[in-house]
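Engineer: Given these sequences and hints, build the entire structure.
In the order they appear, the protein sequences are chains A and B. Position one of the first sequence corresponds to residue 1 (my numbering), numbered consecutively onward. Position one of the second sequence corresponds to residue 1 (my numbering), numbered consecutively onward.
No lab work stands behind these hints, which were simulated from the structure alone. These numbers were taken from a predicted model, which means no experiment stands behind them. Please note that a few of the clues may not be correct.
Covered stretches of chain A, going by a simulated chain B footprint (3 or more residues, C-beta under 8 angstroms) [as the list claims (entries may be wrong)]:
(1) 136-145
(2) 151-160
(3) 163-173
(4) 221-228
The beta-carbon is built from N, C-alpha and C at its ideal position, and this holds for glycine as well.
Take a look at the letters that make up each chain.
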Amino acid sequence: MSGTYRGLLVEREGPVGWLIFDRPDVGNAMDAAMLADLPRAWADLDANPDVRVIVNTGNGSAFQTGLDVRQLAGDRDALRAQSRRTKHADLRISAWHNRVGKPVIAAVNGVCAGGGLHFVADADIVIAAQRATFLDPHVSLGQASAFELIGLARRGAVEPVMRIGLTGRHERLDAARAYQLGIVSEVVPDVRVAARRLAEKIARNPPETLRLVKQQLWRALELGLTAARREAAAAKSLGAP
Amino acid sequence: MPYTEFQTLKLQQRGPVGWLLFNRPESLNAMNSVMRAELADAWLELDRDPDVRVIVHTGEGRAFQTGVDVAELATDGLGMERYRADMEAFDLHFTAWHQQVGKPVIAAVNGICAGGGFHWVADADIVIAATTAEFLDPHVSIGQVVSLEAIGLLRKMPFEAVMRMALVGRHERMPAQRAYELGMVSQLVPPDQLREAAQELAETIARNSPAAMAATKRALWGALETGLTEACRRGALEVVSVWGHPDQDEGPRAFAEKREPEWVNPERVES
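Structural biologist: Set out below in structure tokens:
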């Protein structure tokens, strides 16, 4: 994990690799520079042999509020590149987009809005601070919403996801309800302390096994039940120690 | 715009909200042949009404919906045969999903929702319920198979609860509170305030871009059809479909100017 990352802090603490959004003045929104550096940040954490588990959180009062539309409006090349990636469903934002093999915990420290939901939908495990809220303002701005909500809809009850999508900026889901619905598995006062504790527990498990489990559970979201089990069985017979 | 006078349904407009009421309270709003035919038209009528931005449906009386009218089945000599051809051809037209309604649809479950009543819970975008609402699926207790509506629910909520209702039949009811905990419904309201709450939610949603909501709706329902990656690929097409639409300029401009946006009211796209 060498070098710096624009808009991001990447750190290691024991077996835990941290990927921290660091644009607190703008709700950690993703500008062109952060978008450009996210793939490298994920890749470096995934490649570092000392990192067993990755925790993703934000500095300041927000977790993530999506694209920094104002910055991108003034950066035509970056906007064009991002539009092209959107069009081709070839985003490079989240751990899932970047094919991270290690367990990823999203530690939602505050508001998570719009494109910020990528990091919730695409994490393996999600925990949240009590003050965390979730909303998707896309339709209030005339934008359709897809990837983030599609990902969320695959993870749990769909009706609440539809509601987030259709109410737009006029309604928020709070952390307690997110917990009830199984969108997050833990709600705590201090999300970094809890995330570290959880990551250290996971880090006690064998990395190669974690990698296979993660791969197969995500793969299961692509297939019908029988096909997913058939594939998993084949992988097991190949890879079993 | 005056709506068609239906025998078993009532259509009403309140502001930007179109209301579809099941109106056979004496039969707990069971769906007889007439209602089945009328629903097909009613959905389209509201979806095509340019003054309607959001649709709410609920039931008159103490029930929301109790599915196919068993009394009619037992007495008209046709029984289930009347449905066979449509079912075999999967040619159904009584829910918003069947009719490919593009506008947001809210189901407001005012009381008991039984058996085939789940069609309208499974096929709504958003579901709210009275605190007194109850859910049950008696199909197997009268020798009928439940499938389509349960399949819809299975895609949208935890599996075990759906299977339990399907197998326990009429001998158990799920209270509204449990439906809320499971994410089958997103809001519980005292029964005498349900319609008001539904109207309020619908008006909130009506403040968002119709074009963007229609595309979002297609992306999300589409996600129930395929694997994750393929769903994202198709979802991308929906995102791109509204690029260049006037609402995309109007939304941010209205936000900056601290006023309500003036959205383009889209024509219904006939599919």
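Engineer: With a cut-off of 8 angstroms between beta carbons, are at least three residues of the region 221-228 of chain A near chain B?
Structural biologist: holds (count 3)
Engineer: With a Cβ-Cβ cutoff of 8 angstroms, does the region 163-173 of chain A contain at least three residues near chain B?
Structural biologist: This one holds; 7 residues, not fewer than the three required, reach chain B with a Cβ under 8 angstroms.
Engineer: Are there three or more residues in the region 136-145 of chain A whose C-beta lies within less than 8 angstroms of some C-beta in chain B?
Structural biologist: holds (count 8)
Engineer: Given as covered by chain B, does the region 151-160 of chain A meet the bar of three residues or more with CB within less than 8 angstroms?
Structural biologist: holds (count 8)
Of the numbered hints stated above, none is contradicted by the structure.
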